[in-house]
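S.K.: Each chain is listed here by its residues.
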Amino acid sequence: MNGQVLPWYIAGPIIGLFVPLMLLVGNKLFGISSSFMHICSTVLPKSRVSILNYDAKKNGWKFYFTLGILLGAFIAVHYLTPGNKAFLPPEYFTSSGYLHLFIGGLLVGFGTRYANGCTSGHAITGIALLNPPSILATISFFVGGLIYTFIVVNL
Amino acid sequence: MKNFVYIILGIAFGILLVQSEVMSWFRIRNMFLFKEAHMYLIISSAIAVAMVSVWILKALKVKSLSGDVLSFKGKPWNKGIIFGGLIFGVGWAITGACPGPVFAQIGTGAYPAIFTLVGAVLGAYLYALLKGKLPH
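So the sequences go chain by chain: V and E. According to this note's numbering, the first sequence is numbered sequentially starting from 1. According to this note's numbering, the second sequence is numbered sequentially starting from 156.
Hints in this document: simulated from the structure, not taken from any laboratory. Be aware that a few hints might be false.
Beta-carbon label-pair distances, calculated as ranges [as the list claims (entries may be wrong)]:
| id | chain 1 | residue 1 | chain 2 | residue 2 | range |
| --- | --- | --- | --- | --- | --- |
| 1 | V | F150 | E | P231 | 25 to 33 Å |
| 2 | V | F93 | E | M156 | 37 to 45 Å |
| 3 | V | F150 | E | L284 | 27 to 35 Å |
| 4 | V | F150 | E | L196 | 20 to 28 Å |
| 5 | E | Y195 | V | Q4 | 19 to 27 Å |
| 6 | E | A192 | V | G83 | 17 to 25 Å |
| 7 | E | S226 | V | S96 | 24 to 32 Å |
| 8 | V | G83 | E | P231 | 41 to 49 Å |
| 9 | E | Y266 | V | G60 | 21 to 29 Å |
| 10 | E | L285 | V | F150 | 27 to 35 Å |
| 11 | V | G60 | E | G287 | 22 to 30 Å |
Because the structure is a prediction, the values reported are computed rather than measured. The beta-carbon is built from N, C-alpha and C at its ideal position, and this holds for glycine as well.
Please build the complete structure, drawing on both the sequences and the hints.
M.R.: Structure, rendered in structure tokens:
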């Protein structure tokens, strides 16, 4: 599609290396979706935080990691492969697009917490540990996404 | 100091997500349409490398940098894995972002992704509120 795309056989293995890296650096199992809980616990009034049943101290690293992702993405588009690549379709840059993304975001946040993990925690880390619930979670992610995509494209 | 390490790791991860376009809505759409193998190859090679790494760490009884015995405890089963998984899948297909990539999209300046993030944080809160009433 584009000559400047990092090929899968470099990107995939390096992404996989984050699992041992996180274990070595802090004895953490790699997973990102709980960062939503972290943001939630910092923006909620103190009196309501207990409802989250979330240990912000233990998971504080997720805030720094996700902040890093944001900075890294900024560096990539401004300094590494500058250009006008689009990562979202133009129809998402309208008010109805914002609403779509907001609703999609609600499903991402709700679904990942309900499933207790996402692509990083279940699909990559969980399957690497050969943990059966994570394999089922990953199948569910794809079934949900495939059904939705089939419906919007064909109906 | 430790937090600084996580920022650096995050920066590396963010660069990877952008350079490989894993955070692109178009890549996710093409994945769910089976139009290209890019995403499938990235996810499977990431899993393969992670799996081999875990085997090596276990076999050599490697400890963390601070000297702790590594914990490899997988996440427990409950019905939420399926229900939540399906819900997340739909959200993933709509937004073209799973939880890491949403931050990457924002970082590239694809500002509508801020709506995805606000939705996701609210969604996580909604789950916490409704947790007791949902099948698990």
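S.K.: Against which earlier hints does the structure fall short, listed by number upward?
M.R.: Hint 7 alone not satisfied by this model.
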